[in-house]
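Place chain B on chain A using the hints.
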Amino acid sequence: MNNNLSSFVVACNDQCTGCRACEVACFTVHNQKDNKVAHTVGTVEIPVTPRLFLTRLEEFCLPVQCKQCEDAPCLNSCSAKAIARVDGVVYVNEDLCIGCKNCMMACPFGALEMLPIAKKGKAVKQIGSDEVRKSAYKCDLCINIEGGPACIKTCPHDVLKLVNLEEDRKEKNIKAAIALSLTGNL
Amino acid sequence: MIINIDKDICTGCRECAEVCPVSAIEGEQGKAQEINYDKCVMCGQCVQKCKSYVSIVEHGAEVYDQKRAERNLPATLKEPLFAAYNNCNLDKVKAALADKNVITMVECAPAVRMAIAEDFGAELGTVEAKKLAAALRRIGFDKIYDTNFTADLTIMEEGTELIKRVTEGGKLPMFTSCCPAWVSFLERNYPEMKDNLSTCKSPQQMGAVFKTYGAKIDNYDPAKIFTVSVMPCTCKEFECNREEMNSSGYQDVDVAITTRELAYLIKDMGIDFNHLPDEDFDQPMGMYTGAGTIFGVTGGVMEAAIRTGYELITGKPIPAIDVTAVRGSDTFRTATLQVGDLDLKVGIVTGLKNVIPVLEDIKAGKLDLHFIEVMTCPVGCVSGGGQPKLLLDSEREAAYEARTKGTYAHDAELPIRKSHENPAIVKIYEEYLLTPNGKESHHMLHTKYCIGENEFKK
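Residue numbers (numbering that gives the first Met the number 0), protein chains in the order written: chain A, 0 to 185; chain B, 0 to 457.
Chain A with its partners taken away, still in its complex shape (with noise of 0.2 Å):
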């Protein structure tokens, strides 16, 4: 049976000082083939619509995002099956997504979050009102983006890193042996 988990981005120290670099990278390399982001703040013209969420706590800070869950809580919950599992990565489809929150009750992790959603710079609004329509944003660890995941290469701190479970464990798994085969007991 193929056992491969789905690899996640997660925060591995307690370097973060909190600069949102991360939240900002990530909304403008999502926004750069759409929305016309470029290299500077200047173009810019729709809210920053980050997919991973500076969390600020009294003594610490981290930024959170998804954990690509096997057994996807919004994935199962969302009505409008706008959630896929694609690659291995918990995909929101925008155009299919009726913001109907299922899937921010279902994630325990606070993961996704409603934003407004935006096409060549200029936000999209519903068919039946004036208002903007909104979708669930959630990490898709930038599959359709050349480069891999932006957070990570953005950290001025090298806080966040791509793991991958299977392959840790194998590591440890070798670190133990090796510890085993010292003691003598083999």
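Derived from the structure by calculation, the hints contain no laboratory data. What you are looking at is a predicted structure, and each value in this text was computed from that prediction instead of being measured. A few of these clues could be false.
As a list, the in silico DSSO-like pairs of lysine-lysine whose alpha-carbon atoms are at most 30 Å apart [to be verified]:
#1 A:Lys-32 / B:Lys-404
#2 B:Lys-66 / A:Lys-124
#3 A:Lys-119 / B:Lys-77
#4 A:Lys-32 / B:Lys-66
#5 B:Lys-77 / A:Lys-32
#6 B:Lys-266 / A:Lys-133
#7 B:Lys-352 / A:Lys-152
#8 A:Lys-119 / B:Lys-66
#9 B:Lys-77 / A:Lys-118
#10 B:Lys-30 / A:Lys-160
#11 B:Lys-266 / A:Lys-124
#12 B:Lys-266 / A:Lys-35
#13 B:Lys-77 / A:Lys-152
#14 B:Lys-266 / A:Lys-119
#15 B:Lys-266 / A:Lys-121
#16 A:Lys-100 / B:Lys-77
#17 A:Lys-133 / B:Lys-66
#18 B:Lys-266 / A:Lys-118
#19 A:Lys-121 / B:Lys-77
#20 A:Lys-152 / B:Lys-404
#21 B:Lys-77 / A:Lys-35
#22 A:Lys-32 / B:Lys-266
#23 B:Lys-129 / A:Lys-119
#24 A:Lys-121 / B:Lys-93
#25 B:Lys-77 / A:Lys-133
#26 B:Lys-404 / A:Lys-35
#27 B:Lys-66 / A:Lys-35
#28 A:Lys-35 / B:Lys-129
#29 B:Lys-6 / A:Lys-152
#30 A:Lys-124 / B:Lys-77
#31 B:Lys-129 / A:Lys-32
#32 B:Lys-66 / A:Lys-121
Okay, now just chain B, sitting in the frame of chain A:
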């Protein structure tokens, strides 16, 4: 205040404190930061660095509208707002443009044309001098003049001053005085070295001639002239408001805005920057050389001064116009240049904090140089605090490199590359200033330091 940190938005990450050259940003980690204005030199590097934005998730859309209004930004502005920001002066510019009794003159620093297109989606370092001139004309300025011209004027004055100091025994090393953050730093921290500063005003402030010579050639009433400068720099606002900057009989430059603010204005007026035709700056004070252009990069003022100084001293053209010995990005570099019988020893400092060991070495008698260029920002004005702000820090190096490359490319493509060969410079001396460092130039183009509000006791 020119530079501000918004307490409601700052997360206390202190990434700005890392780039502040004078350790002016104070506060506990994780708490909103404060600027120590006794130390701040207004360079705006914190503004460039800050990523703590007004968030629709955390703060709400209403807070964005409220902050935009509080900061005096145009209501049409849609771009993200950050905790660290600089004062916006567009209201003053708009009021002058709207007043039919006011003659508006604008000047644009060399580095502005190397970066403004980035705020309209262009690749990093795209040079758009001609679209910039066209945009300024569409905005409605009566005269589209250029700081590149006044940079050429600076070279005439500063080159002559250097030669005088070297040959007649003046205070050495002479420091450049174009960078107002550097000047302010010296005035506050090393006032005993004020006589090392060139007495030349910066190119922006040499724009004083717009209200004198500029008024004369077009028969304008100087009292009605309102001069706007567009700068890559947040500190230029401080410089233009210095109380002694009134040689023309009026405030020499009325308002300084940043490259970013000019982009706001272009958007606010519905001007389609990318589809503007190529146009020229107005004559005569929009005529410029490659030497004026390279003021925007570290080593540029030095190179421009050498191109002219060499010929003033030797009477012969400089053998190689590209003075590569002074180019580069090392934070402190020195070179010895053969100028006739003179071994001219020069130094270039880029990044304000790197000047401290240099100043200490000079005081200790360990450094023997004739002329030192100092720029506060990382690679000179192209990396200034008022330039288009990068979304990704990973692109910072590439952006600085591209803007620098653009600067040298623009220099190389210009038909005239030495300040003293600029026909408009020749003419302004013939018709008005007479001679570099002469009586009128001294009055109009030179200044004093550590006076009035800028006299600091150690």
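Check your understanding: Which hint numbers does the structure go against, in order from smallest to largest?
Key -> Violated hints: none; all satisfied.
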